[in-house]
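Student: Given the sequences, and given the hints that come with them, work out the whole structure.
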Amino acid sequence: MMNPLYESAPVAHLEVDLDGLICRVNDVGAAAFGRATSHLVGKPLVSLFPDGPTGRARVRHLLAGLEADAEEVAFVHGDGAERWVRMFGWPVRGSDGAPRAIQIIFLDITEQRRLRLELEGSEARFRLLGDSAPIMLWIAGRDARCWSFNQRWLEFTGRPMEMEVGDGWVEGVHPEDLQHCMDTYLTAFVHRRDFRMEYRLRRADGQYRWILDTGLPHYGLDGQFAGFIGSCIDITDFKEANESLRIMKGQLERRVKEAGVAIQARDEFLSIASHELRTPLSALVLQLAGLQKALHAEQLQSLNGKLTGKVDKAVKATARLTTLVDNLLDVSRIASGRLQLQLETSDLADVARDLIERVTDAARRAGCELRCRIEPRIPGVWDRVRLEQILDNLISNAMKYGPGHPIEVTIAAAGNTATISVRDHGIGIAKEDLERIFGRFERASTRNYGGLGLGLYITRQLVETHGGTIQVTSEPGAGALFVVQLPRWPEARTAPELPPEERAPR
Amino acid sequence: MKPDCPVLVVEDDEDHLDVIATLLRESGYRVILARNGEEALQHLRSGTCRPCVILLDLWMPVMSGWRFREEQQKDPALAEIPVVALSGDGETRAFDATAHLVKPVQFDPLVEIVERFCGPGERAD
Chain A
44 MMNPLYESAP
54 VAHLEVDLDG
64 LICRVNDVGA
74 AAFGRATSHL
84 VGKPLVSLFP
94 DGPTGRARVR
104 HLLAGLEADA
114 EEVAFVHGDG
124 AERWVRMFGW
134 PVRGSDGAPR
144 AIQIIFLDIT
154 EQRRLRLELE
164 GSEARFRLLG
174 DSAPIMLWIA
184 GRDARCWSFN
194 QRWLEFTGRP
204 MEMEVGDGWV
214 EGVHPEDLQH
224 CMDTYLTAFV
234 HRRDFRMEYR
244 LRRADGQYRW
254 ILDTGLPHYG
264 LDGQFAGFIG
274 SCIDITDFKE
284 ANESLRIMKG
294 QLERRVKEAG
304 VAIQARDEFL
314 SIASHELRTP
324 LSALVLQLAG
334 LQKALHAEQL
344 QSLNGKLTGK
354 VDKAVKATAR
364 LTTLVDNLLD
374 VSRIASGRLQ
384 LQLETSDLAD
394 VARDLIERVT
404 DAARRAGCEL
414 RCRIEPRIPG
424 VWDRVRLEQI
434 LDNLISNAMK
444 YGPGHPIEVT
454 IAAAGNTATI
464 SVRDHGIGIA
474 KEDLERIFGR
484 FERASTRNYG
494 GLGLGLYITR
504 QLVETHGGTI
514 QVTSEPGAGA
524 LFVVQLPRWP
534 EARTAPELPP
544 EERAPR
Chain B
139 MKPDCPVLVV
149 EDDEDHLDVI
159 ATLLRESGYR
169 VILARNGEEA
179 LQHLRSGTCR
189 PCVILLDLWM
199 PVMSGWRFRE
209 EQQKDPALAE
219 IPVVALSGDG
229 ETRAFDATAH
239 LVKPVQFDPL
249 VEIVERFCGP
259 GERAD
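Line by line, the protein sequences give chains A and B. Numbering-wise (the numbering used here), the first sequence opens with residue 44 and increments by one. Numbering-wise (the numbering used here), the second sequence opens with residue 139 and increments by one.
Calculated from the structure, these hints are not laboratory results. Mixed in with the good hints there might be a few duds.
Claimed, not checked - Here are the simulated distance ranges between beta carbons: (1) A:383 with B:257: 34 to 42 Å; (2) B:199 with A:302: 32 to 40 Å; (3) A:383 with B:184: 34 to 42 Å; (4) B:212 with A:446: 53 to 61 Å; (5) B:212 with A:290: 56 to 64 Å; (6) B:188 with A:510: 45 to 53 Å; (7) B:257 with A:393: 27 to 35 Å; (8) B:213 with A:308: 39 to 47 Å; (9) A:383 with B:212: 48 to 56 Å.
As the list claims (entries may be wrong) - To spell it out: a stretch of chain B is covered by chain A in this simulated footprint if at least three of its residues, at any positions, have a beta carbon under 8 Å from a beta carbon of chain A; those stretches are: (10) 146-154; (11) 157-163; (12) 233-245.
Every residue gets a Cβ at the ideal spot worked out from N, C-alpha and C, and that includes glycine.
Tutor: This is how it looks when you write it as structure tokens:
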């Protein structure tokens, strides 16, 4: 007689006689097999299980053993699907103590088993993935103790898994980094928050390497916190490269700053020097003028003609010195961005004719015939002094590099553009030097032609400050052609209507 | 006839001051000298003689040309005296002077400008 307790218990239960035939089965048990009670009673228990080591063989083993066991056994449910049960059996003894039957309770563990297998599979996959990953990985349980490291980690530290698990890995952390490392790690565990930290870890060869360790909390299939998974990369090379980059950047910045200070100091020096040179130069110029005047007075001139010539030469030398000082000041002004134009409406043709008149003597001395074609009137808004300087520089340059040859000066206007061309027939400029000659302290020839090599540099700056362009074409031995193009009216005034100067004759 | 009013030259550089004074005297002008703006103001305010023109350097110790010009323009008794700036710096084209002489000063423009304000100098006998 089946115990009524079992009958009504929410546990699958059945009883088998010594021949292995099912004597009783409760409703839960019948339901577990997916069959009617009537269908089960009187049947051999083994018939419910498929033949094979995980089926019938295990049931036989259970029955033969006549003892409590917990075998996992496969069977075929009434609905045709394979299920798994775990069975616990124990004998029912008669009054004589001899076994009379076997009581069995069983649990359907199909779902549990599936989950377990899945987990085992995913662990195997994880291990495979972990061991083939190019980074070092670790897994820690809820207690913050690491229970697994991947192959890469073990290769790095050169220690076996047994030494690394638990807190063993901590032995490899650099003593100076240990406190920070443990603080970060344990705090992250307490708050179950991901972390990133850097510390030095001893490599198999004994060298400490910088490691970037990133840890993430992970959760089991049941959604419960299960510990942390971490990945580590060796960032030593990166850190070193970064450090040397930082040092280099610092050095570079310092050098740029030093260079800037040096440049500023030089420009200030140029400015002060050119300014300071002017006063004694002015005194010299005036003294010479006084001397010249005295010598040109009739009585002295007749006494000493030679002296007059010497003084004239000294006057010429001071004129050259004056030009140099002017150039230095212009360069310092350009360098410090203090070059300012005094714009006014002026006639380029006028300026040019005045200048040509002033340089005619010098041109004659240089053996240069000045062939000028200048339009009668070219009004525009310019800095008159700077226009003169541009023309003077170009013509002086032509005389300097082409003595004994004619110089053609052409000045014309078309629309809003005035064009100045100065052609010489001198030594010319090599192709590779064409751009260089507009630089500071550059000149067309290494041969000493005197001067500081500032003329064309200043000229270009003056032209560009006027919004114009300067170009040069030349070949060695064939002279050079400089072409300056200047806008005549400022942008805002390039209205279709011409300015009054253009319409009404003066 | 020698002009009644002198030329006031304000310049801290002795050599420059000396040569300007000499040349102007040789050209027949009376010249008063000052080494800086303050000295110049003292001369002007002592009231002995009102100059026909002031030749004014800009970069000077004690009182610069800029400050002198300010003081001068504030004083109605002095404001009308023409001032010719002596400077090496092109920026001083913006300096508010009656006229400018750019250093190095050339002889002819120096004499011309003084003549413009003071009349022709009296030839030395």
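Student: Compare the structure with each hint and give your call.
Tutor: Comparing the hints with the structure gives:
no.: 1; hint: A:383 with B:257: 34 to 42 Å; result: holds (36 Å)
no.: 2; hint: B:199 with A:302: 32 to 40 Å; result: holds (34 Å)
no.: 3; hint: A:383 with B:184: 34 to 42 Å; result: holds (39 Å)
no.: 4; hint: B:212 with A:446: 53 to 61 Å; result: holds (56 Å)
no.: 5; hint: B:212 with A:290: 56 to 64 Å; result: holds (59 Å)
no.: 6; hint: B:188 with A:510: 45 to 53 Å; result: holds (47 Å)
no.: 7; hint: B:257 with A:393: 27 to 35 Å; result: holds (31 Å)
no.: 8; hint: B:213 with A:308: 39 to 47 Å; result: holds (41 Å)
no.: 9; hint: A:383 with B:212: 48 to 56 Å; result: violated (28 Å)
no.: 10; hint: 146-154; result: holds (count 3)
no.: 11; hint: 157-163; result: holds (count 4)
no.: 12; hint: 233-245; result: holds (count 5)
Going down the numbered hints, you'll see the structure goes against just number 9.
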